Amino acid sequence: MLLENIRLALTALKANRLRTFLTMLGIIIGLASMVMIMSIGNAMNNYVNNQMGSLGANNMYLYVYIRDVDLDGNEINYETARGLKESDYFSKEIMEDISQKYTDKIEGISLSVNIGNAKIQKGKEYANIAISGMNPQAIKSTNLKMIAGNKIATADYSRGSKVCLVSDRYVNAIFGGDANKALGETVEANISNKYYTYTIVGVYQYEETTNDKLAKSPKDITTTCYIPIKAAVMQNPSLANYIQEITLVGREGIDPTQTAAEIAKYVNERYYKTNDTYRVEYTSMKQQAESLQQILGAVKMAFMAVGAISLLVGGIGVMNIMIVSIVERTREIGTRKALGATNGYIRLQFITESMVVCLLGGAIGIVLGILLGQIASTLVGASGMPTVSGILGCLLFSMGFGVFFGYYPANRAAKLNPIDALRYE
Amino acid sequence: MDSRLIIDAKGIVKRFYEGQENELEILHGIDLSVREGEFVSIVGSSGSGKSTLMNIIGILDKPTEGSYLLDGIDVCAAKDAELSRIRNQQIGFVFQTYNLIARTNALANVELPLLYGGVGAKERKERAEELLELVGMADRMNHTPDELSGGQKQRVAIARALANNPSIILADEPTGALDSKTGRVVMDLFHQLHEERGITIVLITHSNELAEETQRLLTLKDGLIIAERKGATYAA
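Each protein sequence line maps, in turn, to chains A and B.
1 is the number of the first residue of the first sequence in the working numbering; add one for each residue after it.
1001 is the number of the first residue of the second sequence in the working numbering; add one for each residue after it.
So that you can see chain A by itself, here it is in the shape it has in the complex (with noise of 0.2 angstroms):
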């Protein structure tokens, strides 16, 4: 019986194609944008994954910041309050206690100060630098990959040597490319009218960043060269004490967030309980790409909710026509009636066709959104396919879309009287 009337919908929908497919082109467009926004949804998801592993997912932040109130209890003006003082930021002693008293919790801080940006210059080739002086747990976490010489080594970074690290790109254009030529030269570099020298012990491979995809030309993408911050620190001592913020990493399996506002409290009560105006705050990468998440999940509704929109339009749509078909075929139902067919037959029937028609509009739509969904992520840059529950919901979604829309127009001729309808002209 069921058979019989999807042969009986196809056979009716086919004999007014254009008709069909205009029908069609509501649930078409709104499925497409559906699944489209799945794909992109969890491309970005992705991403923000990928992102948050690669910088460590169990980093934590803390940072000085203004208070909201001051000790007295008055509300502090952002734009009135003082500037930070020296001892306002994060001293030596502060990390020193964190890394004592949170070991368990936490794998080291991570620290980096920044000398400055330079362009090197060999001849008619050039390469443009970012000098950053780096502790052991902030090197760690950059994961470099090194296709020459070695890291920087722990008696370099107690000493505070002039070494660094160099990227292939800073080889290439420097060195024509040879990575193991570059081992035991020196970068000299100006800054502010300051000379800095550093021998090359380490290249690694250079990935790329969002950021450098907007560099003019590859050339002029700047990487870093690593330095060890006692080095840094040395050179321009004032770097050492205006820390703002800190990076700790966390030991696998620790709620970051909540570990990183235990550690806050800590220190906040222990440091800046006499402090006017600041004091330390903190945030988590897990709580940063939470809120990311979030944010996307919130555009990923309303786009979802104009999908549906359009959905629904192309449901009334189907509704519309499936009322002006049943108008047409009035004669044809009268007949029905009198051969037998009881109010159930005739009402599948009209349901089974407008359930035709929607999900052959929803599975060319999600063929479709899936087409779209992939450019898109690609534009974004990162790959994202909507789920197979996805999927399968949205056809669910869009038969049940054909039932819901079709039922009160099938319905309406199911309960024709038959004398009317034989006799309609």
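The hints are simulated quantities; they were obtained by calculation from the structure and are not laboratory data.
Treat the hints with care, since some could be wrong.
[As the list claims (entries may be wrong)] To spell it out: a stretch of chain B is covered by chain A in this simulated footprint if at least three of its residues, at any positions, have a beta carbon under 8 angstroms from a beta carbon of chain A; those stretches are:
hint	stretch
1	1048–1062
2	1074–1084
3	1129–1143
[Stated by the list, open to error] Distance windows between CB atoms, simulated:
hint	chain 1	residue 1	chain 2	residue 2	range
4	A	Val313	B	Leu1005	55 to 61 angstroms
5	B	Glu1133	A	Val306	58 to 64 angstroms
6	A	Lys415	B	Lys1181	37 to 43 angstroms
7	A	Phe404	B	Asn1022	36 to 42 angstroms
8	A	Gly344	B	Ser1149	33 to 39 angstroms
9	A	Phe404	B	Ala1102	26 to 32 angstroms
10	B	Gly1118	A	Leu10	42 to 48 angstroms
11	A	Met1	B	Leu1005	31 to 37 angstroms
12	A	Leu3	B	Tyr1234	44 to 50 angstroms
13	B	Glu1212	A	Lys415	40 to 46 angstroms
14	A	Met399	B	Ile1226	43 to 49 angstroms
[Claimed, not checked] Negatives, chain B to chain A, calculated, CB over 12 angstroms:
hint	residue
15	Leu1005
16	Lys1010
17	Glu1065
18	Leu1069
19	Arg1087
20	Asn1088
21	Thr1097
22	Ile1101
23	Ala1102
24	Thr1104
25	Asn1164
26	Pro1166
27	Asp1172
28	Glu1212
29	Thr1219
Please read all numbers here as calculations on a predicted model, not as lab measurements.
Think of the CB as a built atom: it goes at the ideal place given N, C-alpha and C, for glycine as much as any other residue.
With the hints as your guide, set chain B onto chain A.
Using the frame of chain A, we list chain B on its own:
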């Protein structure tokens, strides 16, 4: 006559707009009985109440007053679903305008009552083929209605009416839309079915000439049966 009473209607009254100002009584109390194997015609001019009577006999409509037993079943008391089943099993309609389902070939049209009767696909096809052969349409089974002439369409419609071996064939002006030659073919087919297979037929027509060919002729005028006699040219 000892054969079964197929139609047993007594005191059929039909009123429209009942209780309203424009109340209209079309049938004023009609008694009608048709026995198994009879070929009866009901003749009358337009406005005589033929169509209304036909609708009631075909249980497309219910009488306002009176009783109607179709092959022993009290039709007036039946519910919607049961009415559908009775229409499907007991009555074969043949319409003036054929009323074949468009875009559906002859075979599928004949299968339709069988489909509604819950007959399986294979049996349906066999039965439909057999019936189309019977009406001389074996070579056009796969043609859709718009590929058939009027006479051919009516023959398909007759095959369809026979599908479930109904107790009665109700033919409402079956030759009304046909020229006299093809109309003749259709009438001959009815005679053939009646004589060879003993099928009970009620023919509703405004043509006295055709009515005279039938076993029994009832004349309807202004909602009453005013005459009943043997058909003058009935050859049995």
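Hint-by-hint comparison with the structure:
Here's how the stretch 1048–1062 of chain B fares: 4 of its residues keep a CB closer than 8 angstroms to some CB of chain A, so the rule of at least three is met and the hint holds. Interface restraint, the stretch 1074–1084 of chain B with chain A: holds (3 residues with C-beta to C-beta distance below 8 angstroms; minimum three). Only residues whose C-beta sits within less than 8 angstroms of a C-beta in chain A count toward coverage, and the stretch 1129–1143 of chain B has 0 of them, not enough to reach three; the restraint is violated. Between Val313(A) and Leu1005(B) the beta carbon distance is about 59 angstroms. The supplied range of 55 to 61 angstroms therefore holds.
The supplied range of 58 to 64 angstroms is met by Glu1133(B) and Val306(A), whose beta-carbon atoms lie about 59 angstroms from each other. At about 42 angstroms, the beta-carbon gap between Lys415(A) and Lys1181(B) stays in the expected band of 37 to 43 angstroms. As the Cβ distance of Phe404(A) to Asn1022(B) is approximately 40 angstroms, the hint placing it in 36 to 42 angstroms holds. Between Gly344(A) and Ser1149(B) the CB atoms are about 35 angstroms apart, so this pair conforms to the stated range of 33 to 39 angstroms.
Between Phe404(A) and Ala1102(B) the beta carbons are some 28 angstroms apart, a value that agrees with the proposed interval 26 to 32 angstroms. In this structure the supplied range 42 to 48 angstroms is violated for Gly1118(B) paired with Leu10(A), their Cβ-Cβ distance being about 22 angstroms. Restraint check, Met1(A) to Leu1005(B): a C-beta distance of roughly 34 angstroms satisfies the suggested window 31 to 37 angstroms. Range check, Leu3(A) to Tyr1234(B): Cβ separation about 46 angstroms, and the 44 to 50 angstroms hint holds.
Checked against the given bound of 40 to 46 angstroms, the beta carbons of Glu1212(B) and Lys415(A), roughly 42 angstroms apart, stay inside it. Range check, Met399(A) to Ile1226(B): Cβ separation about 59 angstroms, and the 43 to 49 angstroms hint is violated. For Leu1005(B), the requirement that its beta carbon stay farther than 12 angstroms from each beta carbon of chain A is met, with the minimum near 22 angstroms. Every beta carbon of chain A lies more than 12 angstroms from that of Lys1010(B), the smallest distance being close to 22 angstroms; the non-interface claim holds.
Residue-level check passed: Glu1065(B) sits 18 angstroms from the nearest beta carbon of chain A, beyond 12 angstroms. With a least beta-carbon separation of about 19 angstroms from chain A, Leu1069(B) lies farther than 12 angstroms from that chain, consistent with its non-interface assignment. Listed as outside the interface, Arg1087(B) is inconsistent with that label: its C-beta sits roughly 5 angstroms from the nearest C-beta of chain A, within the 12 angstroms cut-off. Asn1088(B), annotated as away from the interface, has a beta carbon of chain A within 12 angstroms; the closest lies near 2 angstroms.
Not every CB of chain A is more than 12 angstroms from the CB of Thr1097(B) (nearest about 8 angstroms), against its label as outside the interface. Non-interface call for Ile1101(B) relative to chain A: violated, since the shortest CB-CB distance, roughly 6 angstroms, does not exceed 12 angstroms. For Ala1102(B), the shortest C-beta to C-beta distance to chain A comes to about 7 angstroms, within the 12 angstroms cut-off, and the non-interface label is violated. Non-interface call for Thr1104(B) relative to chain A: violated, since the shortest CB-CB distance, roughly 7 angstroms, does not exceed 12 angstroms.
Not every CB of chain A lies more than 12 angstroms from the CB of Asn1164(B), the least distance being 8 angstroms, so the non-interface label is violated. Not every beta carbon of chain A lies more than 12 angstroms from that of Pro1166(B), the smallest distance being close to 10 angstroms; the non-interface claim is violated. Listed as outside the interface, Asp1172(B) is inconsistent with that label: its C-beta sits roughly 10 angstroms from the nearest C-beta of chain A, within the 12 angstroms cut-off. Against chain A, the non-interface label of Glu1212(B) holds: every CB pair exceeds 12 angstroms, the least being about 28 angstroms.
Residue-level check passed: Thr1219(B) sits 24 angstroms from the nearest beta carbon of chain A, beyond 12 angstroms.
Violation of the numbered hints given earlier is confined to hints 3, 10, 14, 19, 20, 21, 22, 23, 24, 25, 26 and 27; the remaining hints are satisfied by the structure.
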